[in-house]
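Protein chains: 2
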Amino acid sequence: MDGTGWRPVKRTRTFEDVLAQIERRIAEDGLTAGDRLPAERQLAEQLGVSRSSVREAMRVLETLGVVSSQVGRGPDAGAVLTSRPDSALSDLLRLHLGLAGLEMREVIDTRHMIEQWAAARAAAARADISGLAAALAGMDAAGSAEEFVEHDTAFHCALADASGNRLAAAIMRSLRDSMRRYSVEAVQRLGDTSVLRADHVRILEAVRTGDPDEAARAVSEHLAHAYPSLFAV
Amino acid sequence: MDGTGWRPVKRTRTFEDVLAQIERRIAEDGLTAGDRLPAERQLAEQLGVSRSSVREAMRVLETLGVVSSQVGRGPDAGAVLTSRPDSALSDLLRLHLGLAGLEMREVIDTRHMIEQWAAARAAAARADISGLAAALAGMDAAGSAEEFVEHDTAFHCALADASGNRLAAAIMRSLRDSMRRYSVEAVQRLGDTSVLRADHVRILEAVRTGDPDEAARAVSEHLAHAYPSLFAV
DNA sequence: GATTCGGTATGGTCTGACCATACTGTGGTC
DNA sequence: GACCACAGTATGGTCAGACCATACCGAATC
Numbered sequence: 001m002d003g004t005g006w007r008p009v010k011r012t013r014t015f016e017d018v019l020a021q022i023e024r025r026i027a028e029d030g031l032t033a034g035d036r037l038p039a040e041r042q043l044a045e046q047l048g049v050s051r052s053s054v055r056e057a058m059r060v061l062e063t064l065g066v067v068s069s070q071v072g073r074g075p076d077a078g079a080v081l082t083s084r085p086d087s088a089l090s091d092l093l094r095l096h097l098g099l100a101g102l103e104m105r106e107v108i109d110t111r112h113m114i115e116q117w118a119a120a121r122a123a124a125a126r127a128d129i130s131g132l133a134a135a136l137a138g139m140d141a142a143g144s145a146e147e148f149v150e151h152d153t154a155f156h157c158a159l160a161d162a163s164g165n166r167l168a169a170a171i172m173r174s175l176r177d178s179m180r181r182y183s184v185e186a187v188q189r190l191g192d193t194s195v196l197r198a199d200h201v202r203i204l205e206a207v208r209t210g211d212p213d214e215a216a217r218a219v220s221e222h223l224a225h226a227y228p229s230l231f232a233v
Numbered sequence: 001m002d003g004t005g006w007r008p009v010k011r012t013r014t015f016e017d018v019l020a021q022i023e024r025r026i027a028e029d030g031l032t033a034g035d036r037l038p039a040e041r042q043l044a045e046q047l048g049v050s051r052s053s054v055r056e057a058m059r060v061l062e063t064l065g066v067v068s069s070q071v072g073r074g075p076d077a078g079a080v081l082t083s084r085p086d087s088a089l090s091d092l093l094r095l096h097l098g099l100a101g102l103e104m105r106e107v108i109d110t111r112h113m114i115e116q117w118a119a120a121r122a123a124a125a126r127a128d129i130s131g132l133a134a135a136l137a138g139m140d141a142a143g144s145a146e147e148f149v150e151h152d153t154a155f156h157c158a159l160a161d162a163s164g165n166r167l168a169a170a171i172m173r174s175l176r177d178s179m180r181r182y183s184v185e186a187v188q189r190l191g192d193t194s195v196l197r198a199d200h201v202r203i204l205e206a207v208r209t210g211d212p213d214e215a216a217r218a219v220s221e222h223l224a225h226a227y228p229s230l231f232a233v
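Top to bottom, those sequences are chains X and L. Here the UniProt record's numbering is used: the first residue of the first sequence is 1, the next is one more, and so on. Here the UniProt record's numbering is used: the first residue of the second sequence is 1, the next is one more, and so on.
The hints are simulated quantities; they were obtained by calculation from the structure and are not laboratory data. The model shown is predicted, which means the values in this text are computed figures rather than measured ones. All C-beta atoms, glycine included, are put in the ideal place defined by N, C-alpha and C. A portion of the hints provided could be inaccurate.
What the hints assert, rightly or not - What the simulated footprint calls covered on chain X by chain L, stretch by stretch (three residues with Cβ under 8 Å from a Cβ of chain L suffice, anywhere in the stretch; the number is not a length):
id, region
1, 83–90
2, 100–111
3, 167–175
As the list claims (entries may be wrong) - Footprint (simulated), chain X over chain L, 3 or more residues, beta carbon under 8 Å:
id, region
4, 44–52
5, 105–111
6, 163–169
Based on the provided sequences and hints, a complete structural model is requested.
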């Protein structure tokens, strides 16, 4: 506090203004996924800024999974509004893990939280289990650890989807995405996947019979089997 | 499947190459928060691309909360690696809520999940409650709904921090951030905040005495009081 | 009717310039 | 020697203008 009542003027960059304008337009005009934004050159002229600034704003929106840009001409070309938070979340987690701003332990703990909750939710709602069953079959047919993890990821993401909460499911997908390599190593270390298979069947059965508590327990013990070093029940 | 074995060549944009290179450098050189990246012009020359492409890559990294750019000259100028996922997550949620790609109901459900888990964790660990107490005092002194929500947010974020999981805490902060306006309206609708105060005291006590189940229950009932329309226990 | 081919609007990239900012070093002043 | 004023300089931020590849559109052609 310097007592003068002055506070530092926040530096506002041009592309941030552009972002704010676009966000305002989205809110005011009620734009939703599928709608098109004006072309870069047109937007630049309308806002009285250079195309570079518009492009930097577009890059931000694209990074956040809010727009998708297509080159060329026609109805599908240009910047189209989307709603794909998944890859944005994955990038975010991956980079921050790389910067040592996060630890794998925290990621797995968070995953445990979401998955327990999602399993209980899915069981309570007697959610559709066809996705779970398909992923289970995929794991049985897998010929390598990579392939196994691929279907394992599908299983757990299907479980999150079955919770009916798209936000939780998106976070789940990103978590799995950012720990893929780690999971492959864990499966290779484990060697035998029959324990994991039994766990998956148990989770599926709990959802099918509509037993939330059992579903949560099953998830918890499954993670303890898969990541014995990091995970204590 | 066209049977030819061909697959569409993924269009790779220059700035994406730059991103990949920077990410590789971070991993290989073991760069962490606080380290500096080369200047834009220098990076452009080293990678053989234009400064625009480098700038677009920088914009992406900045959006993801991985770098922070400072103008001027000196040790603090230039692009510095950071690890601030919070604002990135907030932007992401806010924009996707605006696009109707997410519903408030899902945000509050997710918040419920995290907070129940965090409260139980904090209680089990007998975490430090000074932050919770300070936020509680702030709420008592608040003169408006906005001010109340400010300290309420601090309380719940402190609870998430007390879980010891930075990822869960970061998600929590972003969730609160993106639902701020909604929370203010909820408090105004409620009028009397004494019920909320009792809930907060109950949560704090549960953490202090180390009772995880009671902490989770207290959080659950608190949310039911705060958002009666959206939340069914 | 089908095909071909030029026109055109789109994003992607590059170059080169200029600005505001904020440190750095130099030289002068007390 | 300590201090201060000022020019130098490296930084990100912005702009203008050009060119490219892409992909659709539509008219001319067969």
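### Task
Tell me, in ascending order, the numbers of any earlier hints that this structure violates.
4
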